[in-house]
Amino acid sequence: MKRLLAPLTLLILLYACQPDDDNQQPETPATSALTKSYSGDFLHDYFTLQCDIVRTTPGYLPTIAARAYGYLGIAAYESVVYGIPGAQSLAGQVGGIDSGSLPKPVSGEIYNWALVCNSASAAMMRHMFGGNLTDENRARIDMRELDNLANLGYNVSPEIQDRSVAYGVALAEALYQISTTDGGHESYLDPWQSPFTWVEADYCWIPTGAQDLPLSPKWQYNRSFLSDIAARTQPGAHIPFSSDPTSDFFAEAMDVYNQVNNNVEEEITIAKYWADDPFTTCTPAGHTFNILKQLLSESSATLEKSAVAMAMMGVAENDAFISCWKSKYDYMLIRPVSYIKLYIDSEFETVIGTPPFPAYTSGHSTEIGAGTKIMAHLFANNSSGDYTFTDLSQMQYGFQARTFDNFYTMAEECALSRYYAGIHYTMDNAVGLDMGYAVGEAVLNEINWPQNIE
Amino acid sequence: MGISKKLIALFTFCYCLTACGPQNRQENQNWPVNFEELITLHCRAIELRESRFEIADSLRFLNDSLSNRADTSFSSETAGQLRKLYKRQAVVSAEGYALADTIRNRMTLVMSDLDPVQKRSFNDSVAVAVSRRGCDNGDQF
Numbered sequence: 004m005k006r007l008l009a010p011l012t013l014l015i016l017l018y019a020c021q022p023d024d025d026n027q028q029p030e031t032p033a034t035s036a037l038t039k040s041y042s043g044d045f046l047h048d049y050f051t052l053q054c055d056i057v058r059t060t061p062g063y064l065p066t067i068a069a070r071a072y073g074y075l076g077i078a079a080y081e082s083v084v085y086g087i088p089g090a091q092s093l094a095g096q097v098g099g100i101d102s103g104s105l106p107k108p109v110s111g112e113i114y115n116w117a118l119v120c121n122s123a124s125a126a127m128m129r130h131m132f133g134g135n136l137t138d139e140n141r142a143r144i145d146m147r148e149l150d151n152l153a154n155l156g157y158n159v160s161p162e163i164q165d166r167s168v169a170y171g172v173a174l175a176e177a178l179y180q181i182s183t184t185d186g187g188h189e190s191y192l193d194p195w196q197s198p199f200t201w202v203e204a205d206y207c208w209i210p211t212g213a214q215d216l217p218l219s220p221k222w223q224y225n226r227s228f229l230s231d232i233a234a235r236t237q238p239g240a241h242i243p244f245s246s247d248p249t250s251d252f253f254a255e256a257m258d259v260y261n262q263v264n265n266n267v268e269e270e271i272t273i274a275k276y277w278a279d280d281p282f283t284t285c286t287p288a289g290h291t292f293n294i295l296k297q298l299l300s301e302s303s304a305t306l307e308k309s310a311v312a313m314a315m316m317g318v319a320e321n322d323a324f325i326s327c328w329k330s331k332y333d334y335m336l337i338r339p340v341s342y343i344k345l346y347i348d349s350e351f352e353t354v355i356g357t358p359p360f361p362a363y364t365s366g367h368s369t370e371i372g373a374g375t376k377i378m379a380h381l382f383a384n385n386s387s388g389d390y391t392f393t394d395l396s397q398m399q400y401g402f403q404a405r406t407f408d409n410f411y412t413m414a415e416e417c418a419l420s421r422y423y424a425g426i427h428y429t430m431d432n433a434v435g436l437d438m439g440y441a442v443g444e445a446v447l448n449e450i451n452w453p454q455n456i457e
Numbered sequence: 037m038g039i040s041k042k043l044i045a046l047f048t049f050c051y052c053l054t055a056c057g058p059q060n061r062q063e064n065q066n067w068p069v070n071f072e073e074l075i076t077l078h079c080r081a082i083e084l085r086e087s088r089f090e091i092a093d094s095l096r097f098l099n100d101s102l103s104n105r106a107d108t109s110f111s112s113e114t115a116g117q118l119r120k121l122y123k124r125q126a127v128v129s130a131e132g133y134a135l136a137d138t139i140r141n142r143m144t145l146v147m148s149d150l151d152p153v154q155k156r157s158f159n160d161s162v163a164v165a166v167s168r169r170g171c172d173n174g175d176q177f
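As you go down the protein sequences, you meet chains A and B in turn.
Residue numbering for the first sequence follows the numbering used here, beginning at 4 and increasing consecutively.
Residue numbering for the second sequence follows the numbering used here, beginning at 37 and increasing consecutively.
Just so you know, these hints were derived from the structure itself, not from any lab.
Be a bit skeptical, because a hint or two may be false.
Examples of chain B residues lying across from chain A (beta carbon under 10 Å, computed) [to be verified]:
(1) E83
(2) E86
(3) I139
(4) T144
(5) P152
(6) A163
(7) V166
Here the structure is a predicted model, which means the values were calculated and not measured.
Backbone N, C-alpha and C define an ideal beta-carbon position, used for all residues, glycine too.
Excised from the complex, chain A in its bound form (with noise of 0.2 Å):
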């Protein structure tokens, strides 16, 4: 018995003898902890917010959305880069951030990253939706931030907090300023970048619905976060165009026509989970996006590897929009639709509607293999790019769930999808994934990413 009561009232003297919650003095470190040190789950909330914002602004179409998420990325990454031990910042190996372009902490101060890139993540959200965020969506932001300041802000000192605050509003007003010059500024406002100059050629792309212009014809001289490169991942010439029942291009058609007349429900379903489309969704880079974020939590993956996924991710899809955009309007081919109604069957009917923009190459093909490669680098097992993972994210829309055992099978069934809708041809996927894969290999091995994040 006495043998028990001494480690007991050891136990006891031990537990009276903790600080009282109530008048624990606020955290002062001596250094700031390291950006692994903190959860990333309030940043895949950042993200999932977006993608609410996404579908309920105005204006926020695919490209639009794209580089929309392309900068929540980079700020995000940017406001913690200097919590990562031998990380280097954008600043200087990205088109447009130039080096000392951004504000950099105070050397020998204390710094929450946490607190950093929670204030920079909102306020480039309040920026990059600028004047069409609606009262609601700023509300959404605010209280986003508020409740994460609270929880994040816990025991930290008031110091700390406000000048990590301070440092993440200076970097995304820094950021802010940098993206207005990049072709894409308030580009919300006039998705159709009008006048647009017609070429009428039986080649040339004809309106296939009720939208009369096509979406960001000028979007390919945006200026991209990696050097040139929709001149450096440009697929060359579509199979020529003819009418003529004999030649190659008459059978791309008519492969569409065939497909579409004989899909089979597990096709069309296919070709609707992979629709996203916008003010519905979140458009194709807000389903990536949607899935590196699954997966991230999913892995429970801190601050560190989140932010630097999402940069990444950002780069990628932001970088695959502007040069799949330039393939769309230097070949401004005719869509499937309209050459088979002209050409095949004046009463074909796609499965679902056709976008308002030229065939060649897909845009969902090419976002999709760009970002592909983030994700197969990020969590594959292997080279090949084998991970199981279940897409979750379309489950909100109403559909089943799908499940993967491999990066580049999802990514072959997303181009897929738009064949089995009558959206393009295959030429159009094929050597749109070719592009995405050249653009998401370019983002892994052109940038100085940190190494071995956690």
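Using the hints, position chain B against chain A.
Chain B in isolation, oriented as in the chain A frame:
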């Protein structure tokens, strides 16, 4: 010997209870969520998804027929049809956004502790339950 018989009888009774339980027992078991409620939400999401695509198709076909007409005058009847469709689209979208948030939050909770095999199993259970309710219209939603 008498005790053994009682044990055998008890064992047989328990086995029968398990074997003769409701068919959806496997769908519901062990998932950290109100499964039936989730299926109800999911069924509604399927209905909304079908409505969205149906409205989009109607708008597409209406616009197609407008562009194919030699007479491009915009009749009040067509304008009325379009107005009605856009109104319906807004209503469906609004409900869809709210429902999407609810489902996403539920799914985040339920999935956070499942490994990839369990997730696959959960999704199979959802598919079976949705099919049992008949809200997938027989297609692979």
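Taking the hints in turn, this is what the structure says about them:
1. For the restraint placing E83/B at the interface with chain A, the shortest Cβ-Cβ distance is roughly 7 Å, inside the 10 Å limit, so the hint holds.
2. For the restraint placing E86/B at the interface with chain A, the shortest Cβ-Cβ distance is roughly 8 Å, inside the 10 Å limit, so the hint holds.
3. Here the hint on I139/B is kept, as its CB sits about 5 Å from the closest CB of chain A, short of 10 Å.
4. Because the beta carbon of T144/B sits about 7 Å from the nearest beta carbon in chain A, less than 10 Å, this interface hint is met.
5. Look at P152/B: its Cβ gets to within about 4 Å of chain A, closer than 10 Å, so that hint holds up.
6. The beta carbon of A163/B is positioned within 10 Å of a beta carbon in chain A (closest approach about 6 Å), and the interface hint is therefore held.
7. Against a cut-off of 10 Å between C-beta atoms, the interface hint on V166/B holds, since the closest Cβ of chain A lies about 8 Å away.
When held up to the earlier numbered hints, the structure conflicts with none and fits them all.
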